[in-house]
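K.L.:
From first to last, the protein sequence lines are chains F and E.
Once you know that position 702 of the first sequence is 702 in the numbering used here, the rest is easy, because the numbers rise by one and skip nothing.
Once you know that position 180 of the second sequence is 910 in the numbering used here, the rest is easy, because the numbers rise by one and skip nothing.
These are calculated hints, taken from the structure and not from any lab test.
Heads up, the beta-carbon is just placed ideally off N, CA and C, and yes, glycines get one too.
Don't take every hint at face value.
Heads up, incomplete: computed chain E residues facing chain F, CB under 10 Å, no partners named [claimed, not checked]:
#, residue
1, Ala774
2, Ala776
3, Arg783
4, Pro792
5, Arg799
6, Gly803
7, Asn806
8, Trp807
9, Glu903
Residues on chain E that point at chain F, a partial pick, calculated with CB under 7 Å [claimed, not checked]:
#, residue
10, Gly773
11, Trp777
12, Ser784
13, Ala787
14, Gly791
15, Ala794
Simulated restraints on C-beta separations [unchecked claim]:
#, chain 1, residue 1, chain 2, residue 2, range
16, E, Tyr810, F, Ser605, 34 to 40 Å
17, E, Val919, F, Ser605, 35 to 41 Å
18, F, Pro494, E, Arg866, 51 to 57 Å
19, F, Glu516, E, Ser911, 31 to 37 Å
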Amino acid sequence: MLISGCHSGVNPSPGLGVAQSLREAYPHARLIAKDHSVLSSGVHCDVFDDVWICRQWNELHLNQHRRDLESRLARGAWFISGLDVEAHWLSRFSLSRALVPCRKFLRETVKPGFEAMKGTSVNMAETIDARAPHDEIYHFCQRHGWRVWIKGPVYESKAVCNWGELGRATETLRQSWGSNGLFLQAHIPGREVSVALAAYRGRILDAVFMRKSVVTNEGKTWGGEVSDVPETLLVELAGVFRSLEWTGGCELEFIQDTSDALWLIDWNPRFPAWVFGATLAGRNLPAALIAAAAGIDSFHQSTACRQFIRVVREVPVLTRLPLPPHPPPPQQRFAVSKHPSGMPLLMRKGVSITRAHVRPARPASQQLAEVAAEAARVGSTPHRLFLAGVADRRFSAAAAHAKDLSTESCRVNVAYSVKTNPDPRLLRRIVDFGMYAEVISAAETQRAMGVGLQPARIVYNGPVPFHLELPGLQVAAVFADSLPALAANAAKVPSQWIGVRLRPPRVQSRFGVPLEDPEQFQRLTALVGSLHPKVRLALSMHVQSSHVGISRWNAIASSFIRFGAAIQQTSGRRVECMNFGGGWAPSQDHQLWHEVLPGVVREVSRDLPTVNHVFLEPGRSLVEPTAILLTKVLEVRLIAGRREAIIDASISDCPTAEETPHPVAIVRGARLEVLEKGGDVVLGRTCMEQDVLAVDVAFPRDLAEGAMLAICDVGAYDASMSYSFGRGGT
Amino acid sequence: MNGRFTTVQRHSSLSGRIDRVLRTLEDRPASALRDHKEACCVGAQAWFHAMARSASALEPGPPAWIRERWRWGPTNWPLYWCDAIRTSTLDCGALAALACAAFATEAGSVYRVQLVERFDETAVRNWNGVWPDKVRTLRWTWQDLTYHEVAAIEDAHHLIRIWDPTDNCWLEEKQADGYGSAVAARVLVHSGRSSPFRWREALLPPNLWVKIDG
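Please work from the sequences and hints to get the whole structure.
P.N.:
As structure tokens, then:
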């Protein structure tokens, strides 16, 4: 029997486990390890009678390799592949003694769609193609609270929690697998479980359910417990595998969530690396497969033990297959550390296993079309162009949404976060649309009042105690960042609401009174209970939803409201005002105003019916799309197939370039065309390595020096936090 | 003497020891936190309940946050709420009391459960060393057997799931036999309930010790 995928390192392939299982069942069988490197550690194990070391996949002549394999099979050998990509390659040919699925049906099992499982009770985690437009990917990640994985088409996955990390992880995976087939998958919290099975011509011979007990840092199984597959699932799988006419091993990887529902996250067309653990439990799947294929009635089974765990042991290297000297040459280093059996190399030879398709390009957005003419008239660049129409629409929409959320007993108001961008043109819109301004300093307060905003429309919510910043000024609400500041504000500040910022549990922040500390909680409730009866109490929270995701923000808001109720009950003091700051992104608009905030307001009304005023503090979500950065291309160069455009702007003009995606458009006369996704990059004019304004864009073929580009969505912190650098001090 | 006879003797020896421990534990109630009925304990309970409700909003499911916050170790009894939330170490009884209080902030029936668990004499000797003589607590170790407290929640079909706040896992997911397994259980009920609880394949009548086979 020929067995491939024999590496048994920290990220093992199943070959060694398959061999151990077959040896257990057929002590006198001749087992031959097939692999593509002497560094595949399992080939040196004495469970094998012989080793067939092939050249690395990128060197192999695939047709010759197939003929070599066919001649071995013709001599009576059976072949069990332990490599996903090899199984896909072999499925193209009708090799009767190669126990792999048929190609026609194998395509129904590829990630991320797992078409074959549609219609069963198994859930599928939501996914998005990594080649989708940046803003769609960003929105996907936000929607899932930045609990997402970037995954390769065969295996390898990385958890990412912000945009910069996603970019780096994507690039790492591209180096292994290329651009095709990468996708993002929403994280499903729960326990990792697997089903492993052997099937022959559509009939499941045996199947086991494995719950991981011990996992490595890479998430690989190190110990587990084997049991029967739940009956209902087994019945469904029998139907699926019958329709696939499956032959070979298979592993289905699931997450079992807290309600015991199963979420399919991976489908491997081979036995799992822990297959010998199942054999130890009395369920020898490889032996069952060989028995069915070869027409053998029975085989030896070991005594059952449901739980297994891995050990590390040294084995002597086969004399005729010595290890290369250390340090290994570059191509071997790559193979040793990641894929000794070289699957990415086989994929690069054109063995395709993906079904994903490229999304069509999007037309330029309406907002850009409106300003194209204005952009074309701009003289010197870089130039931040304010989009008045966009600003009007966004402020108007936010005011309308707040009004819709208001009830007879509870008024909801928007308090624009001035620090986001204190541009007077934006601040005037606070006045125009009847909003409040949220400020953190005397300077911001004066700026807001400078455009005509009354003090009664100002909410102070900064870490510097208000009585130190603006003594005597009567504003709408003052939130303290500490208990001493709360006491001082209550004594000295004549504002409508006196409040305190709270730090909810599980929130990492330097701001707010930490509620996880029982001492702080008790001091807070004692202080609140002792405030003058005329003080109208307010509570505030601020968590960046663009960092934690909107779902997590929503959970934190619930947590904050519940603590508010506890403070009210314990202190005996009515809470009359609640303030929610979110760091919301424009891409979250719909979810925010139609799902999350209505839920928050309902929860406030239910748990704190004494609250008659709610402030919402949008910043980015209001103003990010209200400006674009116009910049000229200074140079276009071609390096290793990728075009790089150097522009006259830099990261100093767009300091959040790495944190959030900024669509890039080209100005063509009176038209703006958003660039599609591609392999080109936009580089800034400074000497800093991180001065990269955009990646993965597709320049038009005729992009040349002098062309004007527009970097969009720079109306928020890109404006307020831009700085002068590399311009000689100007 | 052959191995089989020794094995039979071992079983009856263990069974006998379990019976003796259960007789000792017959009148032992579950650990309960006390209340000073003053601001200190009122505030402590208010904070704990707020934390429990907050945790259930952030991470729905069993109160795993309790064990993340408190280490397991010796605890002086009687234990008051105000002391419990300030200390960094709690024993299984205190952890179980907190777990029950956390479960109770959400809807559903919650019960205290007492267990006898089996380890080995080396482990028990170690714990006897860790628990200093001056700690005010009831005896909880006998040779290779230990007394343990956990919490249970019941669903609409009288099926209970037992949460072990010391090991931070459901008992159903732990080993059914061998080192660290439960060999006896008692579900404590203060109402007049007489119907048994269903747990795994066993029926647990209220307030009665039941020996568990592995």
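K.L.:
Would you list, in rising numerical order, the hints stated earlier that this structure does not obey?
P.N.:
When the structure is compared with the hints, numbers 6, 7, 8 and 15 turn out to be violated.
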